[in-house]
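**Student:** Please arrange chain B on chain A, whose structure you already have, making use of the hints.
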Amino acid sequence: MMRFMLLFSRQGKLRLQKWYLATSDKERKKMVRELMQVVLARKPKMCSFLEWRDLKVVYKRYASLYFCCAIEGQDNELITLELIHRYVELLDKYFGSVCELDIIFNFEKAYFILDEFLMGGDVQDTSKKSVLKAIEQADLLQEEKHFWTLPGLGSVKEGRAAAISQDAKAALPVPLIPGTRVARFKAKKKKKRKIPSSICYDNDNVFRISVSCANVFIVYLECKFD
Amino acid sequence: MSDIVEKTLTALPGLFLQSQSASGPAAAKASFSSRLGGLVRGITALTSKHEEEKLIQQELNNLKATVSAPNTTLKMMKECMVRLIYCEMLGYDASFGYIHAIKLAQQGNLLEKRVGYLAVSLFLHESHELLLLLVNTVVKDLQSTNLVEVCMALTIVSQIFPREMIPAVLPLIEDKLQHSKEIIRRKAVLALYKFYLIAPNQVQHIHIKFRKALCDRDVGVMAASLHIYLKMIKENSSAYKDLTGSFVTILKQVVGGKLPVDFNYHSVPAPWLQIQLLRILGLLGKDDQRTSELMYDVLDESLRRAELNHNVTYAILFECVHTVYSIYPKSELLEKAAKCIGKFVLSPKINLKYLGLKALTYVIQQDPTLALQHQMTIIECLDHPDPIIKREVLGEYSYLLGKETPEEVITKLYKLLTSDSISSETKAWIIAAVTKLTPQAHSSNIVERLIQEFTTSLDTCLRQHAFELKHLHENVKFMKGLLPVDKSCEDMVVDASLSFLDGFVAEELSQGAAPYKPHHQRQEEKLSQEKVLSFEPYGLSFSSSGFSGRQSPAGISLGSDISGNSTDTGLKETNSLKLEGIKKLWGKEGYLPKKESKTGDETEALPVPQENIIMENVDQIITKKDQSQVLTQSKQEKEKQLLASSLFVGLGSESTINLLGKADTLSHKFRRKSKVKETKSGQTTTAQNMTRSSFSSSSNVTYEEDYYLDNLQDRGDKEVKKFSLNSELLDSESLTELPLVEKISNCRLSTPSLFADNNMEVFHPPQSTAASLANEISLASSLLEETTEHMHSDLMEVCDNETISVSSYKIWKDECLLMVWSVFNKSASELKSANLEIAPAENFKITEQPGCCLPVIEAESTKNFQYSVQMEKPFTEGNLSGFINYQVMDTHSVQLEFSVNLSLLDFIRPLKISTEDFGKLWLSFANDVKQNVKMSESQAALPSTLKALQQELRLHVVDIIGNEGLLACQLLPSNPCLLHFRVHGDMLALWFRSSCSTLPDYLLYQCQKVMEGS
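Those sequence lines, one after another, are chains A and B.
Its first residue numbered 0, the first sequence is counted upward by one per residue in numbering that gives the first Met the number 0.
Its first residue numbered 0, the second sequence is counted upward by one per residue in numbering that gives the first Met the number 0.
Isolated chain A (complex conformation):
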């Protein structure tokens, strides 16, 4: 079982901390400080594993960010290293070429992803697809209140909507389902976003579909069947 996971920068700034065993606030601070010193003092070619207190520490550096996990005596170091890597892959997929800034400004998302991946310090779901599906579902559900009505497309019986690129030159057709009530345009400025082209979610007879176009606009559509 993992005891805790820390993300910190090369400069020793904590970016994320997750504790899986009850630890007092004071103790946490002390451990974080101590471990950061130990890890930051290590040279690049050194072993990624160290024995620290009664724990085994596994760390890996990605660009300026250190991912550091403390595991118990009988746990497997190498698989923990891969666990870190899988987490980075998840972050990368979710944020689209993740960098430290993504994690600083959206750290709560990073926590959500971690919670979907590990539960109570043990691996819950190792499939990239299903972890992100769970996250996207929650994201999508929660944003329903921010939908705007789309003038001119108010109650389309049949037809098409589109995801439109920033320069308005490319339009990706999106099938509209009869009974569409509202839709939403949302700007995503970051390039190279890798968001699945459609997500369907079924709850209370509500379908929500989101379509993304690699370089910018995303149309969210919500339709209700009566």
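Worth flagging that the hints you see were computed from the coordinates, not collected in a lab.
Nothing here was measured: the structure is a model prediction, and the numbers come from that model.
Be aware that one or more of the hints could be misleading.
[Claimed, not checked] Across the chosen pairs, the derived CB separations fall in these ranges: (1) Glu-33(A) to Ala-167(B): 31 to 41 angstroms; (2) Asn-931(B) to Gly-11(A): 16 to 26 angstroms; (3) Glu-473(B) to Glu-33(A): 37 to 47 angstroms; (4) Ser-860(B) to Pro-43(A): 50 to 60 angstroms.
Here a beta-carbon is modelled for each residue, glycine too, at the ideal position from N, C-alpha and C.
**Tutor:** Quick look at chain B alone, frame taken from chain A:
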């Protein structure tokens, strides 16, 4: 239909205007949500800790006002929570917000609830009283029809939940085990697992439901239930023996790739699941032959299936080895597993090496003879720069000593000590090892000599150890009690308070020694004095001085001194003794320094100069090493080799098992090497000089790119940005691990033979192994005639007898590698039906060149056989073997066998492309490998680096921008690989990219060899 698309298009600008201006509250919200961004930016702009404190305090005051204001919306509250979490993460107290976090989880919509729960899980700990307020919310959410809400409730329950309230939610969670969605079932299982951990009695009655989860149709749910089983089996394995069959079946299915691909991790089937199962099997099979027999097959399969191309397969392999050595032994499996460890210890990757050494402890405990095959590696690791490796090594080797008499071992160690080839740090380790062995030895001449010699050593660290030994040696009886013969100290009774030293302390004090200062006091003093020395073992450094990386045994014994002082609490003492490291690290040695604490005060006064001296010594030795020539290095190797074989000789004679089958090769190569050395040193013939000069001239022609070297400094760093390395977090470093450890082990084993791969480097003077001088001259000249346009290797004799001599050389043609075997007929009669055949090799495509079928070789003449060789898939080194047969006097035929080593570099050619093309290619390649390499002094400048890369690796220099360089090459026939490198200080940051997944790794390996080698 298309109307609507147009409509959408036209409506678009309006929409955005609307969103920006029309909705006043929306705009306010937007600015509100970016406040975290503002805070973060504000903090990063600050320069001092004091300013940060001020800013955060201000922020916290604002937040406090906002969260308690009545008109704060839940949405605003959510943003406040995020900022509070951030402030807490920076180490500031935000406890005023805790209650609001609970409220948010209670009242918010999904989005707000999620943040509320997150804040609760981060702020509160398991026994926090506010947590009780959360119970109702959790109960409500568990009953929700909304999946996301249920998921959130289950997550928080597994994360943090008051133990006494478990009964309130338990039935609800049990119900979820039957839920239609697998994600809910999975989370419910894990939540129950957490309950089992914190309150096992409460979930006792649902064991039967766990069984159901184990048989769940969803793999995820089944995998989740294994956590519970692992825990329960650990506590009482006998109750679950009946499940062994099921676990074996599951593992078989996983290993056989029967799971959905979703569970694959880098195309390895469900590694986490495999490891979990292996651990469970290890527990079930322990000391139980019948149960173990059930799993032999699947373990064998696992060992076999783990194809080594990725860290994750190593992870599985490691676990598998562990399991094999935990269960009732089966010799065949033990051997296979021991063999697998070779792949770890021989790996250049330090992580694998570390685990390999760790795995060796399992092996040694079971059967030391199986570890014999790795003895050389163990010794080599003694000089490894990372202390953690060294520590493992000494643990191993103290076990291995078992079967030789201590005197012999001490003699060997003493010899090693007096040799110049090892660093003073290693010497210190060795003295400590001698100390450990001394009580078991009967005669002590050498020990006395050693004490005499090293108590006057200039190196304080060595002196310290020698003194320790001396003191102990004077009281042999005491020493024997102190360092018992058996291998661990687990059974020793320890006077934790060290009360027996009280008298001594009193005496010392009366003689004016400084009184003892408790640990924390010293710590404070140390910090205030900004000392550079760390007393903590293994990198628990409080300073960033270079010392932290290299710990000496002295540092460790000092550390023990401190914790072992009698004023420390008994608890602390036992803790330090229980440390896992003790047994591995120095076993009995762990006690030694404490008894020596009579010198404690003295020693504590010493440390600063002492460490400086060590550092200096180490530096000197390193420099010396760098400067020393091949011969001294081979001397070192020789010494190591001798040490290795002699240390283990007791074991070796008993052992008939030689799993890798390479020990013979090793010694053989070694012998050959020394022969070569003699020949070489003895030869300064004209013939050699001739060939050497001609070779060097041809090389100049080939490397016309040399002019780049002169251009270096003129370039600015205009185009650097394109290739800037650091913005992307995800590098695929670990996605493309070195897959062919087998090959690496080959290289490793051949390294002692220093000249083994010289034949591949054009720029070294050729070594002649040929017997006849005249012969060589003629061969060399004929060679030059044919190959003026291409680079070629030196001629090397591969086999000979009284009639013929076969030599071979390589011609590195642009499109392929041409191997030429020259057969020289030494006899006075002609040879008939001469036939040379090359055995087909796995990784090569070999094509015979036309016109080399020669039925007759005339007397005293040379004939060439040519083969073009292509590499089928990348590897570091391979072997090409073949034979020649011919007939003498038309009667009996003679056959001679030979083999030639081929390296990856034989198939690498410069790729001449423009900077632009480089950029395009760079972006199109998916496989990359990055590594920082330390350069030796002679190379620590861009021009020389470039030269080395260009010449040794045959890379084409595409461009040089500032201190960065772009190089390109291709692996024949057409696998391009690009290298971007940057020099800073003595570090070289290498970044390879290629379309071929394994090529970057191999090139990196070669590159490292070049960088380290010269």
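**Student:** Quick check: does the Cβ-Cβ distance between Glu-33(A) and Ala-167(B) fall within 31 to 41 angstroms?
**Tutor:** holds (38 angstroms)
**Student:** Within 50 to 60 angstroms: is that where the Cβ-Cβ distance between Ser-860(B) and Pro-43(A) falls?
**Tutor:** holds (57 angstroms)
**Student:** Using the beta carbons of Asn-931(B) and Gly-11(A), state whether their distance is inside 16 to 26 angstroms or not.
**Tutor:** Since the Cβ atoms of Asn-931(B) and Gly-11(A) sit about 20 angstroms apart, the hinted range of 16 to 26 angstroms holds.
**Student:** When you take the CB atoms of Glu-473(B) and Glu-33(A), is the distance between them in 37 to 47 angstroms?
**Tutor:** Holds, since Glu-473(B) and Glu-33(A) (Cβ atoms, about 40 angstroms apart) stay within the stated range.
This entry satisfies every hint, going by the numbered hints stated previously.
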